[in-house]
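Reconstruct the complex from the two isolated chains, following the hints.
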Amino acid sequence: MERGISSLWKSEDWWAVWIGFIIIIGSITKLIPGIPKIGKWTGDPLKAFMIVKDNVVTGNIFIPLLLLMIFLAILTAIAIVFMKTEKAGRYIAGFIGVFIIAVISYWIANQVNIKYWGLSYALWALLVGLLISNTIGTPGWLKSGAKTELFIKIGLVLLGAEILFKKILSLGPPGLMVAWIVTPVVVIFMYKFGVSLLKMKNKELVIIIACATSVCGVSAAIAAAAACCAKKEDLTLAVGMTLIFTVLMMFFMPLGIKFMGMNDILGAAWMGGTIDSTGAVVAAGSMLGPAAEKVAAVVKMIQNVLIGLLAFAVAIYWVTVVNREQCGTEGKPNAMEIWYRFPKFVIGFLAASLLFSFVMVPAMQGNFNLVESAYINPVTKVLRGWFFCMAFVAIGLESNFKDLASRMEGGKPLTLYVVGQSFNLVLTLFIAFLAFMVLFPGAI
Amino acid sequence: MRVISENEELLKRWLRFFIGLLILTGIFAFFSSGYSPPGVFGEVLRHNRACSIDASPLFYSEVENMAELEKGVRELRIKKREQIEKLNFKKAGVQNFEPLP
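Line by line, the protein sequences give chains A and B.
According to this note's numbering, the residues represented by the first sequence are 1 to 444, in order.
According to this note's numbering, the residues represented by the second sequence are 1001 to 1101, in order.
Chain B with its partners taken away, still in its complex shape (with noise of 0.2 Å):
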């Protein structure tokens, strides 16, 4: 009789495995078909397929372009410090910029 209700739990719990097992491999199934929700909600996510974009690095190190985007801020920063100098030398009525090093 004991061996029966142990036999049943076993099967009980394999049985929860398999349909858990189930419900994860539906969650895959969505999550990798490539679905987009309609409409404003899909707009971040279609927007990453288009530029290929990677949204699940979990820290700064995992970025793939990471030093890219570092390099792109320095290059933002220089041409802005370029601009102001620019703009403070027109002031000063100075002709030839060149910009400092």
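So here's chain A without its partners, still in its complex pose (with noise of 0.2 Å):
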């Protein structure tokens, strides 16, 4: 670990806010007026790279993306060089193929019947990566350019953007207390009932699934796990569970919620709180009407917003008693230390997302739509869907299923995670109830 005034230069952390925050100055300034993405497609499977324009084909994407390739790579290049962890040459070599895949894989779940299933490209991401690293063997050249935690680093401050904290009274009180009352209890419930009643050794994998299930799935799942430092492998195994999860709830609850005759608006909260990603909260709550879809995710989206705290309070436990537990250190860590040991990519997630909810937002006269139109729709959120995505490539490049297998434990995360959605799922019912049907009956 890097210490002192050098670790500035010297440290994936801090490289990782240098860079998230130069595309977010570009972005606030319009230096970097917008970023090419991957369109849908049905059946040409060519449309997903042009750009149409009242359905007309106005042109193609390909040289966009080599631009972005190659602004990405010596963006990154310039953070490996200062770190000294790769020759920029070889990064590059191994950057342009994992960019090469991230493309292949946001190009196969934009297709449009696959967007319907649910299936996000972090799964194909994974699915490709794994299929490398497990038949041929990842080469070496492809290796160097798989820095998942820079990756993950730099998408998570740039995550930090998107969220808009004045968001959390969309819905009022009882959205509040669905999202924020329920969430931490039920982190702290499954962290208990891993580590404490099934033993797991892995905490780092207990508090990824915990915070996957409770918070947001994929996204909380990257955040658990980039600062509490886990390894690539807890990672694959808690997203490959609520992807699978997520599915199989935004097909069964609606249909549940119908055949008990449960009141639309308290399912819709029910279903906002509980099912892991919100493109599946919006497919569920649709099934009950167009308020329902409305209210489920916009409970949702109030705890998507608990994603930064959450981050934040998982890295002060980690470098305060997990780590220290495992180092077998007693006593009390000085602030120093706490300094040190503090994964410092969470200081620029928390600050790009109090810049943009406390200065940007007020900047534009509090209209959150402006904001996310200008700045963070065209630029920021379209280079964290390709970080997150390259970072899941390189996960899968580094994985094995050997190593998959072994974190396993005789199928306790599997049983975490039920006995942890379970509890969630009798909680969050509750809560919404007392919320949206007792406390507050008129609030919606």
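For the record, the hints were derived by calculation from the structure and aren't laboratory data.
Source: prediction; values computed, not measured.
Do not rely on the hints blindly, as some may be mistaken.
[Unchecked claim] Straight-line Cα separation of at most 25 Å, DSS-like style, residue types lysine-lysine; simulated pairs: (1) A/Lys-166 to B/Lys-1079; (2) A/Lys-143 to B/Lys-1079; (3) B/Lys-1079 to A/Lys-167; (4) B/Lys-1012 to A/Lys-402; (5) A/Lys-47 to A/Lys-37.
Now the structure itself:
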């Protein structure tokens, strides 16, 4: 671990902050006007690369994609050179390979029918990476470009820009109750259950599964994994489980709610608080009607905002408690030690969120939509997606099935997910009933 | 002799890769085909297709119509507040109801 002033240009955490903020400043100043993204397609695979305006093809994104690859390769290579973790030429060659696989993963995920199933780019990026690493083996030159942690941390700093704190009030007190009371209780319950009752040795895996289950699936898993410096295989396992269960819950929860004849708004709040990913929440909510779709999506959005605080809390807990237990150190750590061990990218993550929540939004007269459409949607959000996609490619390229199987500890992670999610379902339903039906029946 | 075994190992690896690729292509073909499970199990999928709902976003900001959904919730809350106010005015015997700003 780098200590002292040199950590500012030698540590990965600080580089994630610098690169994240270069992009954010580029977005605010319009020096980066827009980032190309792979489009949706149904029957014609090339349509994903076409620019369509008013149903007319006006161009393609091949050159912009090439420029994006060069831009990201140079930007991240600067960090690699300063950190001295790899030779620049070797890194860039590997980065190009990782970027091309990320393009393929996005292209698969953007097929319209696949989107209806809720199978996101994260899954396809993992699968393609795993296919290579577990068959022909990841070649050394490709591994040099697979900088999982750096990609994740830059992605998380950019994600901070999307977390606008004032959005937590969108649904008033009942929304806040469902999203913000249940979530920490479920995280603590699952952590205690995993560590104390299931006796899982891998605490990092426990907290990743707990955060993924209680907050927002993949995004929360990434944030928690980075905050506690978990192994790639832990993240792969947690993400795999959350993606499968999200699809199952999207399929069966609305049917169950309809079958029980539950109030639509209550059902929507229940699904918003429990189904892991937002897309699946919108789809499931829509099954109950337009009002339910809106309520479910907004409950999930309020819960999503928690991701920053959660990452901060996990980082602090790991630095002050878990790492010291693992090292066998006794007594309280002093402030300097906490600072040295603290994952600094979390500061960038929170700073980006605070900048957009309390500077950019007020500067735009409190208009969230304007901030989102001007700065977040065209630049930071798209780049965050690219970094996460490349991170999942890199995770796949560096994981092997044997390691994954060894982390199953006789099915304990699955037990933890199922028990935790069941607890989440019961508690969320109770609090949603209390909030929307008893305490604030006139809220919506 | 050693060269042959290395070649065999390489061949095995590539064979495994192509089998894996075939399986992945099969998974892709299945999900992209537009198939939906019969009966209630495929209800959500058919609904997503009918209403063009993208179920893949991982985070709220990735939902294309999130701004509309948020606006919808604001409108629902205003409507509900107006209903409650109207009811309260009625109870108090006020005839000409004007919703509070």
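Do the hints match the structure? See the list:
1. About 22 Å separates the Cα atoms of A/Lys-166 and B/Lys-1079, which keeps this hinted pair within 25 Å; it holds.
2. A distance of roughly 56 Å separates the Cα atoms of A/Lys-143 and B/Lys-1079; the hinted pair therefore is violated under the 25 Å criterion.
3. Taken as a hint, the B/Lys-1079 and A/Lys-167 pair is honoured in the structure, with Cα atoms around 20 Å apart against an allowance of 25 Å.
4. Between the alpha carbons of B/Lys-1012 and A/Lys-402 the distance comes to roughly 18 Å, so the proposed pair stays at or under 25 Å and holds.
5. For a cut-off of 25 Å, the pair hint linking A/Lys-47 to A/Lys-37 stands: about 12 Å separates their Cα positions.
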